[in-house]
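Q: Using the sequences and the accompanying hints, generate a full structural model.
Top to bottom, those sequences are chains A and B.
Using my numbering, you'd call the opening residue of the first sequence number 10 and step up by one each time.
Using my numbering, you'd call the opening residue of the second sequence number 234 and step up by one each time.
None of these hints come from the bench; they were simulated from the model.
Note that the structure is a prediction, hence the values are computed from the model and not measured.
All the pointers check out, no bait thrown in.
To be clear about the criterion: a stretch of chain A counts as covered by chain B if any three or more of its residues have a C-beta under 8 Å from a C-beta of chain B, and this derived list gives those stretches:
1. 55-63
2. 75-82
3. 94-100
4. 179-193
Yeah, the Cβ is synthetic: ideal placement off N, Cα and C, and Gly gets one too.
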Amino acid sequence: MSAPGIVVAGLRKRYGATLALDGMSLTVRPAVVTGFVGPNGAGKSTTMRVILGLDAVDEGTALIDGKPYHRLRHPLNHVGSLLDAAALHPSRSARNHLLWLAHSQGLAARRVDQVIEQVGLTSAARRKAGGYSLGMRQRLGIAAALLGDPPIIMLDEPFNGMDPDGIIWMRGFLRSLAAQGRAVLVSSHLMSEVQDTADHLVVVGRGKAIADAGVADLIAAASGGRVALRTTAGTQAMAVLTRAGATMAATGRDTITVSGLPADRIVTLLNESAVPFSEVSAHRATLEDVYLELTREAVEFRAATPAEVSR
Amino acid sequence: MTPTVTPHRPRQRVGRDGFLQLLHAEWTKFRTVPGWVTGTVVAALLVVLVALLTGVSSNQKGSPPVPIGPGGEPVTDSFYFVHQPLAEDGSITVAVSALESSIPKGLEDLRPGIVPWAKAGLIVKQSTRPGSPYAAIMATSGHGVRMQDNYVNDTAGPPGPVSAESPRWLRLDRSGDTITGYASTDGTNWAKVGAAEVSGLGSTVQVGLFVASPQAVEGRGTTSSVSTAAFGDLRLQGGWTDGEWTGEQIGAHSPTFAGFPGNRSGSFTQSGGRFTVTGAGDIAPAARYSLPAAGTLKDILTGTFAALIAVIVVGALFITTEYRRNLIHVTLAASPRRGRVLLAKAIVLGAVTFVAGLAGAVLAVPLGERLSRANGVYLFPVTYSTELRVALGTAALLATASILALSVGAIIRNSASAVTTVIVAIVLPYLLIANPFMPVSVANWLTRVTPAAAFAVQQTLVQYPQVANPYTPYNGYYPLAPWAGLAVLAGYAVVSLAVAAFLMHRRDA
Numbered sequence: 010m011s012a013p014g015i016v017v018a019g020l021r022k023r024y025g026a027t028l029a030l031d032g033m034s035l036t037v038r039p040a041v042v043t044g045f046v047g048p049n050g051a052g053k054s055t056t057m058r059v060i061l062g063l064d065a066v067d068e069g070t071a072l073i074d075g076k077p078y079h080r081l082r083h084p085l086n087h088v089g090s091l092l093d094a095a096a097l098h099p100s101r102s103a104r105n106h107l108l109w110l111a112h113s114q115g116l117a118a119r120r121v122d123q124v125i126e127q128v129g130l131t132s133a134a135r136r137k138a139g140g141y142s143l144g145m146r147q148r149l150g151i152a153a154a155l156l157g158d159p160p161i162i163m164l165d166e167p168f169n170g171m172d173p174d175g176i177i178w179m180r181g182f183l184r185s186l187a188a189q190g191r192a193v194l195v196s197s198h199l200m201s202e203v204q205d206t207a208d209h210l211v212v213v214g215r216g217k218a219i220a221d222a223g224v225a226d227l228i229a230a231a232s233g234g235r236v237a238l239r240t241t242a243g244t245q246a247m248a249v250l251t252r253a254g255a256t257m258a259a260t261g262r263d264t265i266t267v268s269g270l271p272a273d274r275i276v277t278l279l280n281e282s283a284v285p286f287s288e289v290s291a292h293r294a295t296l297e298d299v300y301l302e303l304t305r306e307a308v309e310f311r312a313a314t315p316a317e318v319s320r
Numbered sequence: 234m235t236p237t238v239t240p241h242r243p244r245q246r247v248g249r250d251g252f253l254q255l256l257h258a259e260w261t262k263f264r265t266v267p268g269w270v271t272g273t274v275v276a277a278l279l280v281v282l283v284a285l286l287t288g289v290s291s292n293q294k295g296s297p298p299v300p301i302g303p304g305g306e307p308v309t310d311s312f313y314f315v316h317q318p319l320a321e322d323g324s325i326t327v328a329v330s331a332l333e334s335s336i337p338k339g340l341e342d343l344r345p346g347i348v349p350w351a352k353a354g355l356i357v358k359q360s361t362r363p364g365s366p367y368a369a370i371m372a373t374s375g376h377g378v379r380m381q382d383n384y385v386n387d388t389a390g391p392p393g394p395v396s397a398e399s400p401r402w403l404r405l406d407r408s409g410d411t412i413t414g415y416a417s418t419d420g421t422n423w424a425k426v427g428a429a430e431v432s433g434l435g436s437t438v439q440v441g442l443f444v445a446s447p448q449a450v451e452g453r454g455t456t457s458s459v460s461t462a463a464f465g466d467l468r469l470q471g472g473w474t475d476g477e478w479t480g481e482q483i484g485a486h487s488p489t490f491a492g493f494p495g496n497r498s499g500s501f502t503q504s505g506g507r508f509t510v511t512g513a514g515d516i517a518p519a520a521r522y523s524l525p526a527a528g529t530l531k532d533i534l535t536g537t538f539a540a541l542i543a544v545i546v547v548g549a550l551f552i553t554t555e556y557r558r559n560l561i562h563v564t565l566a567a568s569p570r571r572g573r574v575l576l577a578k579a580i581v582l583g584a585v586t587f588v589a590g591l592a593g594a595v596l597a598v599p600l601g602e603r604l605s606r607a608n609g610v611y612l613f614p615v616t617y618s619t620e621l622r623v624a625l626g627t628a629a630l631l632a633t634a635s636i637l638a639l640s641v642g643a644i645i646r647n648s649a650s651a652v653t654t655v656i657v658a659i660v661l662p663y664l665l666i667a668n669p670f671m672p673v674s675v676a677n678w679l680t681r682v683t684p685a686a687a688f689a690v691q692q693t694l695v696q697y698p699q700v701a702n703p704y705t706p707y708n709g710y711y712p713l714a715p716w717a718g719l720a721v722l723a724g725y726a727v728v729s730l731a732v733a734a735f736l737m738h739r740r741d742a
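A: Below is the structure:
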């Protein structure tokens with residue numbers, strides 16, 4: 010029995026001098042929203058194009074329910090995808106855009122009207138898609154992805170151009186797709202867009218997955234054993250704790266994150282040396298922290314910010 | 234996530250995987266872009282519109298009627314005729330000892346020249362009306378002795394030119410409607426050249442000597458010529474009614490007669506059995522040069538050229554727009570078998586363009602013909618099957634060109650470059666051959682090897698070996714047969730389509 014969902018293993022692809030994919034692997038399982046996050050240029054879109062059989066790879070495999078995409082007879086029945094919301098003919102109406110797509114799969118026009126209603130475009134369906142806002146185009150793209158009622162949905166940056174209402178709608182929608190048992194892969198270059206939606210995260214950088222884990226596991230791993238210290242005597246505190254073997258990072262004007270020492274030991278050390286402090290607590294990382302930490306190495310072009318303190 | 238999760242099962246029932254679904258999808262794509270539908274309709278309308286303009290813009294009311302031969306074709310029937318009636322059966326014999334032609338070199342300056350189809354001989358003709366049935370035997374300047382009848386039939390006799398040292402004796406026997414021609418090089422030993430059944434001669438026919446001198450082909454044009462022949466040893470047998478010879482230029486005011494060059498005119502002198510006859514014109518099917526003002530089906534369908542540009546643009550855009558908008562990703566994600574996608578596009582585009590082109594041609598031809606005729610324009614006649622071939626061929630020409638544009642679009646993946654490439658490939662050679670100053674060899678080459686060869690499918694004029702004429706594409710004579718010309722374009726389209734399919738398969742979408 011082949012594995013349901015998407016299984017990508019060891020993709021490698023070079024465009025001229027650029028290594029776009031460097032051993033990309035990931036798995037997208039049914040009934041789960043998988044967030045596919047990483048900076049721009051990390052290989053998310055390329056991976057999705059490879060999954061859809063649009064781009065060929067130098068090495069590696071991408072399988073849909075155990076088969077390469079091109080072996081699927083009615084692919085939209087297996088995978089619904091949205092790569093680029095602007096991929097429309099501007100003078101064709103939204104409904105006609107879905108209609109030709111439906112005809113290519115032998116689907117009836119009735120199904121087109123169903124998905125238009127599902128994404129809330131009924132009133133605008135007969136207008137030219139060229140006049141659509143980016144948010145409306147995203148909805149139209151989602152409708153196209155739903156056309157074949159596929160068990161796998163793959164969306165590239167679906168939050169782009171959406172207004173706040175649209176973002177809320179999209180989150181709920183993705184959750185409902187997973188609740189129906191579908192495997193959902195959603196890419197974004199912003200962790201904030203997927204953190205409340207995804208159950209599972211694949212963080213990518215420089216053409217490969219640098220983390221592939223559940224959201225809770227990731228946060229726990231990133232928080233691991235660190236302690237947040239609030240003190241006005243930062244320099245003294247750091248001197249004392251360094252002597253005791255801890256490593257530190259200043260994270261604010263009077264906050265320091267300490268690794269390598271438990272909280273009670275820190276309190277004892279500071280008291281012994283009469284260093285004043287107002288708070289010592291277990292540090293809890295946000296997904297954003299996890300993301301920044303994971304992708305720090307992978308970001309190729311980023312302006313240095315004053316908040317960054319080297320450790 | 235729990236292990237008890239049931240993966241989603243699609244509820245959408247689909248039909249069988251099939252090429253028909255792809256065709257359906259591509260047809261839906263085509264018909265839902267208003268610009269493409271408009272472009273295709275405009276192509277058809279351009280064919281019709283130009284036919285209407287051609288019809289109304291040419292006014293030749295009051296021009297003399299074109300002589301029509303017994304077979305219904307337009308003919309040239311202008312020659313100097315020294316004749317008398319023959320009431321019943323009989324025969325006439327003569328020796329031709331000289332045939333010399335003059336061609337104008339510059340204004341009023343006649344010089345001796347070679348007119349290969351200059352003719353001097355004997356003719357039996359129903360009447361002196363241009364276009365009436367006849368049979369004749371003649372010496373020619375460059376093609377030996379010939380027996381010809383009813384304009385289109387031509388049989389070769391003994392070869393070689395005539396001279397005082399080497400005259401040709403010619404004889405025509407009339408027996409009812411059967412005319413038999415003989416030739417001899419010594420006046421004693423006769424060889425039968427041919428026999429013609431000329432129906433509708435009636436009992437009394439006009440029989441005698443004639444001289445014709447067709448226009449001489451000079452480069453890409455023609456010039457009128459005049460020829461003089463010396464006859465001797467004239468002998469008559471049978472039912473001749475009176476002994477007087479009448480000389481006249483037949484068809485002097487016919488539109489297919491270019492007139493005498495310089496200040497010359499037709500004449501004959503007689504002394505005993507010797508005659509000297511000077512004449513101009515020809516007895517032959519009319520070629521394009523002899524009816525320069527007449528129209529052809531191809532002239533009526535000149536709008537094909539404009540329509541071609543429209544269908545090339547639509548054909549290229551049908552795929553390049555998908556590349557420009559990344560829509561090709563959606564198309565290929567829905568139908569991963571790329572060769573089939575391209576083929577479906579080609580079939581839909583070709584079929585749509587064919588139907589539009591056929592509608593345009595089917596409307597344009599009768600409308601253009603009617604308007605032209607109402608304005609007194611003579612049209613080279615065509616059979617119903619030729620008319621059908623031209624209409625179907627025009628539609629096929631447009632359809633094939635659109636498929637070529639689609640293929641080039643799939644190869645280049647850029648609208649402007651694809652359109653330019655295909656227009657340069659088809660329209661540029663067409664413009665070059667439409668230039669009357671293009672050397673014939675270049676024009677013929679262009680219409681053999683470039684996609685513009687396909688315009689041969691619209692040709693309706695017939696080339697006659699016994700008529701010297703600038704048989705150039707400009708004049709409506711193509712070096713390739715109609716369907717062979719179209720096959721050249723189809724070859725380009727098929728090769729481009731194969732290259733496009735190969736590249737689509739190899740390249741990332």
